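Number of protein chains: 2
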Amino acid sequence: MSANENIEQGLGFIPKFDDKGLITAIAQDADSGQILMVAYMNAEALALTIETGNATYFSRSRKKLWKKGEQSGHTQKVQQILTDCDQDCLILKVKTDQGQCHVGYNSCFYRKLSKNTKDTLEFVAEKVYDPKQAYGK
Amino acid sequence: MSANENIEQGLGFIPKFDDKGLITAIAQDADSGQILMVAYMNAEALALTIETGNATYFSRSRKKLWKKGEQSGHTQKVQQILTDCDQDCLILKVKTDQGQCHVGYNSCFYRKLSKNTKDTLEFVAEKVYDPKQAYGK
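If you read the sequences in order, they're chains A and B. For what it's worth, numbering that gives the first Met the number 0 labels the leading residue of the first sequence as 0, then goes sequentially. For what it's worth, numbering that gives the first Met the number 0 labels the leading residue of the second sequence as 0, then goes sequentially.
Because the hints were derived from the structure by calculation, they are not lab data. Source: prediction; values computed, not measured. Be careful, since some hints might not be right.
Remember, identical chains collapse to one label, so a pair may be satisfied in a single copy or spanning two.
Straight line, CA to CA, 25 Å or less: simulated SDA-like cross-link-like pairs of lysine to any residue [stated by the list, open to error]:
| no. | residue 1 | residue 2 |
| --- | --- | --- |
| 1 | Lys-117 | Thr-74 |
| 2 | Lys-62 | His-73 |
| 3 | Lys-15 | Thr-116 |
| 4 | Lys-92 | Thr-116 |
| 5 | Lys-131 | Gln-78 |
| 6 | Lys-76 | Ile-13 |
| 7 | Lys-117 | Gln-8 |
Please put together the full structure from these sequences, using the hints given.
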């Protein structure tokens, strides 16, 4: 197999981190299929996620490891990790028991683009918890 | 509202492109919820997607606009566009009628990390078309 074939069709997990050392990770609800959030992992975050079964990311704003739920308690138990063809993106199939978005929604994707507009959103979800309580703000 | 509140809780669609002028876009099957692929859009690709209803990306490898299916015929009809809290990631809910991954699978995510390993994949899907035929290689 060529190097490319090996990445695309082989059985070796060879995650491709970008020029900042990060890989995109999508957290998807293992039961409903709802996409909950998108975040980034460095090699250490990925290793910790695999080792502990708790989703751990790298916060680009805080520039440090971020165990999901460390502040809010809203953790993600990882059931399965999938990789895509060129291994530069991961899906984490996760079990959760509380809203996953820091704004208070179950998913970060709580707004859609309104039909026949290019700049107007509408809400598609209701808040499921109070972030002020969860984050103690 | 503060600028941040406006982005997170407002009704204005203000997509945040990264330092390369790109935003991450996840194509998700509108019916099954399966995540099909992850790609990137520049402002022009996003505008074309909204305008035409056909998913159009920016190919990072070819450095040009890429109307999904332009070579393979395996297009994506966009039913809905969702944005996340900080508006730096999009979900396209799409209708498709053919496999979406250039390797021949319905989804690019056709392999999972094997249980209790950190470096070994296993296949979770079967090919649904012959890429040699679709791409004329």
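Here is how each hint holds up against the structure:
1. Taking the shortest alpha-carbon separations for Lys-117 and Thr-74, only the inter-copy value of 21 Å comes in at or below 25 Å, while the best intra-copy value is 34 Å.
2. Within a single copy, Lys-62 and His-73 get their C-alpha atoms as close as 20 Å, which meets the 25 Å cut-off; across copies the closest is 39 Å, which misses it.
3. For the homomeric pair Lys-15 and Thr-116, the shortest alpha-carbon distance between copies (18 Å) is at most 25 Å, but the shortest distance inside one copy (36 Å) is not.
4. For a Cα distance limit of 25 Å, the shortest separation of Lys-92 from Thr-116 across copies, 16 Å, qualifies, whereas the shortest one inside one copy, 33 Å, does not.
5. Taking CA atoms no more than 25 Å apart as the test, Lys-131 paired with Gln-78 passes in neither setting, with 29 Å inside one copy and 34 Å between copies.
6. Taking CA atoms no more than 25 Å apart as the test, Lys-76 paired with Ile-13 passes inside one copy only; the shortest distance there is 23 Å, against 32 Å between copies.
7. Taking the shortest alpha-carbon separations for Lys-117 and Gln-8, only the inter-copy value of 17 Å comes in at or below 25 Å, while the best intra-copy value is 39 Å.
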